[in-house]
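So you can see what is in the structure, the chains are spelled out below.
Number of protein chains: 2
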Amino acid sequence: LAGSRPLQHGRGSALRDVANRLRVRALRARGNHPTSCCSAAEIAAVLFFQAMRYWARQPAHPSNDCFVLSKGHAAPLLYAAWAEASFLKEPELLNLRKINSDLEGHPTPRLPFVDVATGLLGQGLGVACGMAYSRQVLRQGQVSALGGRPSLGQMAGENWVAMGGAGVGKLGEAWPGCDPTLSGQWVDPGSHWGENPGVLAHFCSLPGGGSLPGVEDAENWHGKPMPKDKVESIIGAIQSQIQTHEVLVPQPPIEDVPQISIAGICMPSPSEYTTGDKVATRKAYGVALAKLGAASEHVVALDGDTKNSTFSELFKQAHPERYIECYIAEQNMVSVILGCAARDQAVVFASTFAAFFTRAFVHIRMGAISQSNLNLCGSHCGVSIGEDGPSQMALEDIAMFRAIPGCTVFYPSDAVSTERAVCLAANTKGICFIRTSRPETPVIYPPEETFEIGQAKVVHKSDADRVTVIGAGVTLHEALAAAHELAKQGTHIRVIDPFTIKPLDAATIVNSAQATGGRIITVEDHYTEGGIGEAVAGEPGMVLQSLAVCGVPQSGKPAELLDLFGISTKSIIAAVKNTFAS
Amino acid sequence: LAGSRPLQHGRGSALRDVANRLRVRALRARGNHPTSCCSAAEIAAVLFFQAMRYWARQPAHPSNDCFVLSKGHAAPLLYAAWAEASFLKEPELLNLRKINSDLEGHPTPRLPFVDVATGLLGQGLGVACGMAYSRQVLRQGQVSALGGRPSLGQMAGENWVAMGGAGVGKLGEAWPGCDPTLSGQWVDPGSHWGENPGVLAHFCSLPGGGSLPGVEDAENWHGKPMPKDKVESIIGAIQSQIQTHEVLVPQPPIEDVPQISIAGICMPSPSEYTTGDKVATRKAYGVALAKLGAASEHVVALDGDTKNSTFSELFKQAHPERYIECYIAEQNMVSVILGCAARDQAVVFASTFAAFFTRAFVHIRMGAISQSNLNLCGSHCGVSIGEDGPSQMALEDIAMFRAIPGCTVFYPSDAVSTERAVCLAANTKGICFIRTSRPETPVIYPPEETFEIGQAKVVHKSDADRVTVIGAGVTLHEALAAAHELAKQGTHIRVIDPFTIKPLDAATIVNSAQATGGRIITVEDHYTEGGIGEAVAGEPGMVLQSLAVCGVPQSGKPAELLDLFGISTKSIIAAVKNTFAS
Chain F
8 LAGSRPLQHG
18 RGSALRDVAN
28 RLRVRALRAR
38 GNHPTSCCSA
48 AEIAAVLFFQ
58 AMRYWARQPA
68 HPSNDCFVLS
78 KGHAAPLLYA
88 AWAEASFLKE
98 PELLNLRKIN
108 SDLEGHPTPR
118 LPFVDVATGL
128 LGQGLGVACG
138 MAYSRQVLRQ
148 GQVSALGGRP
158 SLGQMAGENW
168 VAMGGAGVGK
178 LGEAWPGCDP
188 TLSGQWVDPG
198 SHWGENPGVL
208 AHFCSLPGGG
218 SLPGVEDAEN
228 WHGKPMPKDK
238 VESIIGAIQS
248 QIQTHEVLVP
258 QPPIEDVPQI
268 SIAGICMPSP
278 SEYTTGDKVA
288 TRKAYGVALA
298 KLGAASEHVV
308 ALDGDTKNST
318 FSELFKQAHP
328 ERYIECYIAE
338 QNMVSVILGC
348 AARDQAVVFA
358 STFAAFFTRA
368 FVHIRMGAIS
378 QSNLNLCGSH
388 CGVSIGEDGP
398 SQMALEDIAM
408 FRAIPGCTVF
418 YPSDAVSTER
428 AVCLAANTKG
438 ICFIRTSRPE
448 TPVIYPPEET
458 FEIGQAKVVH
468 KSDADRVTVI
478 GAGVTLHEAL
488 AAAHELAKQG
498 THIRVIDPFT
508 IKPLDAATIV
518 NSAQATGGRI
528 ITVEDHYTEG
538 GIGEAVAGEP
548 GMVLQSLAVC
558 GVPQSGKPAE
568 LLDLFGISTK
578 SIIAAVKNTF
588 AS
Chain E
8 LAGSRPLQHG
18 RGSALRDVAN
28 RLRVRALRAR
38 GNHPTSCCSA
48 AEIAAVLFFQ
58 AMRYWARQPA
68 HPSNDCFVLS
78 KGHAAPLLYA
88 AWAEASFLKE
98 PELLNLRKIN
108 SDLEGHPTPR
118 LPFVDVATGL
128 LGQGLGVACG
138 MAYSRQVLRQ
148 GQVSALGGRP
158 SLGQMAGENW
168 VAMGGAGVGK
178 LGEAWPGCDP
188 TLSGQWVDPG
198 SHWGENPGVL
208 AHFCSLPGGG
218 SLPGVEDAEN
228 WHGKPMPKDK
238 VESIIGAIQS
248 QIQTHEVLVP
258 QPPIEDVPQI
268 SIAGICMPSP
278 SEYTTGDKVA
288 TRKAYGVALA
298 KLGAASEHVV
308 ALDGDTKNST
318 FSELFKQAHP
328 ERYIECYIAE
338 QNMVSVILGC
348 AARDQAVVFA
358 STFAAFFTRA
368 FVHIRMGAIS
378 QSNLNLCGSH
388 CGVSIGEDGP
398 SQMALEDIAM
408 FRAIPGCTVF
418 YPSDAVSTER
428 AVCLAANTKG
438 ICFIRTSRPE
448 TPVIYPPEET
458 FEIGQAKVVH
468 KSDADRVTVI
478 GAGVTLHEAL
488 AAAHELAKQG
498 THIRVIDPFT
508 IKPLDAATIV
518 NSAQATGGRI
528 ITVEDHYTEG
538 GIGEAVAGEP
548 GMVLQSLAVC
558 GVPQSGKPAE
568 LLDLFGISTK
578 SIIAAVKNTF
588 AS
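Which chain is which? The protein sequence lines are F and E, in order. Residue numbers for the first sequence follow the numbering used here, so the first one is 8 and each next one is one higher. Residue numbers for the second sequence follow the numbering used here, so the first one is 8 and each next one is one higher.
The reader is advised that the hints may include incorrect statements.
It does not matter which identical chain is meant; a pair holds if it fits inside one copy or across any two.
What the hints assert, rightly or not - Heads up, simulated BS3-like pairs for lysine-lysine below, C-alpha to C-alpha not over 27 Å straight-line:
1. K464 <-> K577
2. K285 <-> K105
3. K290 <-> K235
4. K285 <-> K564
5. K564 <-> K237
6. K495 <-> K468
7. K237 <-> K105
8. K96 <-> K231
9. K577 <-> K495
10. K231 <-> K290
11. K468 <-> K584
12. K495 <-> K285
13. K577 <-> K564
14. K464 <-> K495
15. K564 <-> K290
16. K468 <-> K285
17. K105 <-> K564
If you are wondering where the hints come from, they were derived from the structure by calculation, not from laboratory data.
For reference, chain F alone in the conformation it holds in the complex (with noise of 0.2 Å):
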């Protein structure tokens, strides 16, 4: 385990040489934050050329050492220390921002260097502690974390969370004789650097304008490009004061990481449910993730603090050295799971409230755009919880985790197609979130029965059928009950179970509405906006009428509350009624 790596002495003034160019590259290539990139060059000249280990030419190598560029807007200076690795022609850096180079405004995964993207700040720390989580499990690497002042300024709220319990804490705790550190305010090459052991270094940036004649600590300079008159000045100052062009080849990596693979991974027995036993899906995700993590051993699980509500305390029970508790700091633990996901070396799942995911969408975002293999799962979602009242409802998860790029929403609504959307999700690129209930409903789905996404199932169905209606989760349920009530007076409907909320069986539903006269009605725990029903909308050749959550709820028994927010079955059967009327 690399951890404490004094600086072979007499380095110093290459480093500084090393740290100027990175300041001449970083202010040619005109970006927007020249003052960020240059108060930090020393630092990254410091961690490249002598600190990490890494093979420059295979930036993504299992075994290099972890960069995170905790304040993504001084990415021209990332870009600098990998041209100066030679990973970079110096040429290139001059396309920063540019729509056909993936030198992006702040990092992205386009490039091979970056594994999780940042340009929103305070995210750092975290993700660099999922990432030394995963390594430490492997007993290789060393991770380090870059933040500006803001980042250990007014965002130190995640940083402090991230250095408490699912953080930093969490990694002194799981791996004996990891001292993690935060180092200081300034790094001067060739000394200290030795002081300061263990696994993760977070460093705060210099004053703004670090070693810009003229610039340093003036105000007002903070993310401004350098005028055109004053950057060869500028530049002609930072290059006189160069002294050597000694080139520093970074340290080789320890190739102590074995080749892992976490595709294909396949539930080691069959559900065991009976069609007719009530179960909670939030319950059977908590089976079905326990038994997936007997499947493979680079399964990983981590909760906010509500592990025996979401039910993931199953999966500590059987799996205790792969579970990690985030406590109710939901952002800390998508930063975290981010990291523990990065570069393939874990399978990642997360669980919390649905509605407290909400309070984490800022991170979620960065995860698409971090191209992350994340899968999350909310409990306790719609009215339905009940007593507990609006603020534990979730009622915006599906309009949140639908405006995600590529995310796969799964809405299980019984115990056998929970634990398939566990194991799909496990075996499926980008995020995925499964949306589990708190109330007990029967399990519909006979044991063996198969599951795909964006392929709905069509539950209940006859030639006679007038109406299509589309439930999910305890609104399935109620559809299926109004359907047989419905049957007893002589009219037929349609009942379509979607699984998959996105991507949309649109063939099954459009099918399903020509069949039915092009009568569809939704039925949603959720609020309009964003829900099933949008979902739906988009489709053509339908007539839709959409049941959905209007307007804060409140306490009260869950069937109370599906019937005053018109989800329940006697809404259903109004409205399928009311469809004739019109």
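Given chain F, put chain E in place with the hints provided.
For chain E alone, coordinates are given in the frame of chain F:
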């Protein structure tokens, strides 16, 4: 100004008895968190019957001191205190969490003694800071926030931020003589209180189960109702400790709060834009906000360290004493603004990049549950920001705000309509979101043009129109360019500016669709999901083509990106032609 209020000595035993009566009531109510209630009973007793000044019969009296139950799951304790104060009747407490009662599982403003809904841990201190801020402007009042260990523990993140620049620190700075403090772990009634001066007291409650025989300090009691067989013996044990039945009457407030009105604010002068001027809507926001601040001394503005990008700096320059810099801490900013807005003490506007409001989604949703009147302005929406890349581009913000109950979503397309949006937002209940853009776009409305919420403008029209195109912000200007280009080719289209996306002017849209053969095209600088296209798709009798951003974007020039993601003039012309091809 209320601040330090030494306890009247010799009341300690009476306060201890109050605390035990609160425990008994909380246990009788059979809530889910008896230990969380009982552990804070002494604190509640001291606050409600010693420290705070209020009219118990008029809980919403403007001169009353304020109390925020940050640990909202201890709601039964709050209800018990108001029963002790004789505002609630004892039997009502037994209706806790029932559908016909306002005593919800977590407190909401359906109760007159609740200013801000809680149930999301960690927000209380920021909210209390905001309340104290509105109050200190009025030179009165004491605000207390009560949080549990999670609030001060794992959730420390948010609280550290609240203690910083934009929170308690700001109060000290804005209000010389205010010495806000966090008081300690334990309150011994009858002592110490006097040593904790200041406007804010944020307590950590006792170890789980405080004073519950057989429960105190035992494991696994958190969040569990007391079992029926145990509860009576525990209640008996507590009652046996009650020595007196002295009823303590809270101290009346100092009635020094003038009744203020924040209704009917009008701009002091007409818009000063000329049709054809090129002005960014983000700049028009700053201009309008500064004018609004001149119209009413009750207008307060906050920003998340982006004031020179959102142009809220124009308000700061004009009204520095009513500007709160919240730095890069959007969650705390929304908590603070929630508090500022409480009890209609201020007209509040907060601004940052629209992308960064996703960091505060959970706080915004709590704002809706709090029935709060907030105005949020998100700048730099969409790919049209250009080079900074996807982490800075808001493409999910319309989806997010549409999913907030009762939220008004303004998406102005020029400077005049932006100024109207700001004035309408100031006079509109609930949460208002104003989406502004980075690029400069032409002013298209005359200065005297009037706008209404839910009223769209048909900005381009002829009797020969064959397609209706709906655009907003930069895409409205792309649509107008397409209309002119197509007209040259003999194809006429109608162009609509929706002005508000929620509520949507369905009548105008449906009428235009009917007038143009049912053919509608929406074009938006936002992801497909939850955006303008889906909002329109719900309307009947139209064939809709939705042009929106698909997939994670990248850096580039704004015009290049509009083309690349298919929302430019070129793409609109192609879509119009495609409408007839199919």
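Q. Which of the listed hints are broken here?
A. none
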